[in-house]
Structures are given as structure tokens and as C-alpha cells.
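Chain order of the listed sequences is A and B. Its first residue numbered 1, the first sequence is counted upward by one per residue in the working numbering. Its first residue numbered 81, the second sequence is counted upward by one per residue in the working numbering.
Hints were generated in silico from the structure; no laboratory data involved. None of the values given here were measured: they were computed from a predicted structure. Incorrect hints may have been included.
With beta-carbon atoms standing in for the labels, derived distance ranges [said to hold, decoys possible]: (1) B/D129 with A/D49: 43 to 51 Å; (2) A/L28 with B/K82: 29 to 37 Å; (3) A/Q55 with B/T132: 40 to 48 Å; (4) A/V14 with B/E151: 24 to 32 Å; (5) B/E106 with A/L77: 16 to 24 Å; (6) B/K99 with A/D58: 17 to 25 Å; (7) A/E26 with B/Q111: 42 to 50 Å; (8) A/V14 with B/Q111: 34 to 42 Å; (9) A/D49 with B/K82: 44 to 52 Å.
With a straight-line cut-off of 30 Å between C-alpha atoms, the simulated BS3-like cross-links for lysine-lysine are [what the hints assert, rightly or not]: (10) A/K10 with B/K84; (11) A/K4 with B/K91; (12) B/K84 with A/K4; (13) B/K90 with A/K63; (14) A/K10 with B/K143; (15) B/K84 with A/K11; (16) B/K99 with A/K4; (17) A/K11 with B/K82; (18) A/K10 with B/K99; (19) B/K82 with A/K19; (20) B/K84 with A/K19; (21) B/K143 with B/K90; (22) A/K2 with B/K99; (23) B/K84 with A/K2; (24) A/K4 with A/K63; (25) A/K63 with B/K143; (26) A/K63 with B/K91.
Ideal Cβ placement from N, Cα and C applies to all residues, glycine included.
Number of protein chains: 2
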Amino acid sequence: MKAKIIITPKKAVVDPQGKAVQRALEQLGYQGSEAVHVGHYLEIETTGDPETARQQLDHACHKFLSNPVIEDYRLELSDS
Amino acid sequence: MKAKIIITPKKAVVDPQGKAVQRALEQLGYQGSEAVHVGHYLEIETTGDPETARQQLDHACHKFLSNPVIEDYRLELSDS
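Chain A on its own, in the form it takes in the complex (with noise of 0.2 Å):
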């Protein structure tokens, strides 16, 4: 079983990160980018039952993995 966690920068906080990416993509030459937001991605190859993963990784994710101050989670848990 795979756990996917996907965590970005809150909209409405400051992304230096993706204000340079979108700088250098306006260099580059392309010009249809509007807003760029960097966050993280995380894969976690887990065994066990599926309702309990979940839940200690929601747990992890508000606890250490994210910080829910001024980052939003996701997590998806699939079979492959």
C-alpha cells in the first residue's frame, strides 16, 4: 500500500519559493505561468490495515510532517 502526501504553502501565505520558479520560467521564455506554488511530496510504502495507516498518518501529518500554521496536507492512500 502507498501513501501519498502532497503539502503546499497556505494561499494566502508569502512563496518566495514559487515566486523564483516563476521568475526563472518567465526567463526561460514561458510566459503563461500566472502562480507557481512549491510544496512537498511524500511517498510512504506502508503495510497494515488501511483505516489505522490513515489515521497515524493524519496524525503525522499535523504533528510533524506539515505545518499546519501555514501548510495544507493532503493524503491519499492507494493500492500500488
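Take the given structure of chain A and dock chain B to it, following the hints.
Okay, now just chain B, sitting in the frame of chain A:
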């Protein structure tokens, strides 16, 4: 239109950040994790022709958003 880019270390590459997260999960009492991979996630709000956007972003991914020697990337374009 939204482009989502997931950049992960190649499986053969040592991933110290992933190892650190795995150890931290174990210390938190979560024993189910077999492997953890930590990567980046980029969300780019973009306009214009989807096919052109895909080509340009693919080029950008290859050229400066990821390091093709040690990282893989996955690019998805969606309407929302």
C-alpha cells in the same frame, strides 16, 4: 488550467530525507512504514494552449525544475 509536477528521487539514489522521515515515524510509534521517499511538488497555474504548455513545462522540468541525473518527474495538466 493547472499543471502539477511531482519530482521524486530515483529509486536507486540514496534519500537521506526519506530515511529521516521514516525514523521519525518509527519514533512516533508508527511501525508500518517500509520506505519513505521525499520529493517536491509544484503547482503551476497557467494559461494558453494545453499542448504548448505541456511541451514548455516538460522542457522546464528537464532543464531546471528537476535534476534528471538523480530525480524523476511526473507532469500532469488538469482543468481545475
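Each hint, compared with the structure:
1. B/D129 with A/D49: 43 to 51 Å: With a Cβ separation near 46 Å, B/D129 and A/D49 satisfy 43 to 51 Å, so the hint holds.
2. A/L28 with B/K82: 29 to 37 Å: At 19 Å between Cβs, range violated.
3. A/Q55 with B/T132: 40 to 48 Å: holds, 44 Å
4. A/V14 with B/E151: 24 to 32 Å: Check passed, 26 Å falls within 24 to 32 Å.
5. B/E106 with A/L77: 16 to 24 Å: holds, 19 Å
6. B/K99 with A/D58: 17 to 25 Å: For A/D58 against B/K99, whose Cβ atoms are near 22 Å apart, the range 17 to 25 Å holds.
7. A/E26 with B/Q111: 42 to 50 Å: holds, 47 Å
8. A/V14 with B/Q111: 34 to 42 Å: holds, 38 Å
9. A/D49 with B/K82: 44 to 52 Å: Given range 44 to 52 Å: violated, Cβ gap about 33 Å.
10. A/K10 with B/K84: holds, 16 Å
11. A/K4 with B/K91: Judged against 30 Å, a Cα distance of about 16 Å means the pair holds.
12. B/K84 with A/K4: holds, 14 Å
13. B/K90 with A/K63: Since the Cα atoms of B/K90 and A/K63 sit roughly 27 Å apart, the hinted pair holds (cutoff 30 Å).
14. A/K10 with B/K143: holds, 27 Å
15. B/K84 with A/K11: Roughly 16 Å separates the two Cα atoms, so the pair holds.
16. B/K99 with A/K4: With a Cα-Cα distance of about 16 Å, the restraint between B/K99 and A/K4 holds, given a limit of 30 Å.
17. A/K11 with B/K82: Distance ~15 Å between A/K11 and B/K82 Cα, so the pair holds.
18. A/K10 with B/K99: Holds, at about 26 Å.
19. B/K82 with A/K19: Answer holds: B/K82 to A/K19 is near 16 Å, not above 30 Å.
20. B/K84 with A/K19: holds, 16 Å
21. B/K143 with B/K90: holds, 17 Å
22. A/K2 with B/K99: holds, 16 Å
23. B/K84 with A/K2: Holds. B/K84 to A/K2 sits at ~19 Å (cutoff 30 Å).
24. A/K4 with A/K63: The given pair, whose Cα atoms are some 17 Å apart, holds under the 30 Å limit.
25. A/K63 with B/K143: Violated, at about 35 Å.
26. A/K63 with B/K91: The given pair, whose Cα atoms are some 27 Å apart, holds under the 30 Å limit.
Consistency with the previously given hints fails for numbers 2, 9 and 25, ordered from lowest to highest.
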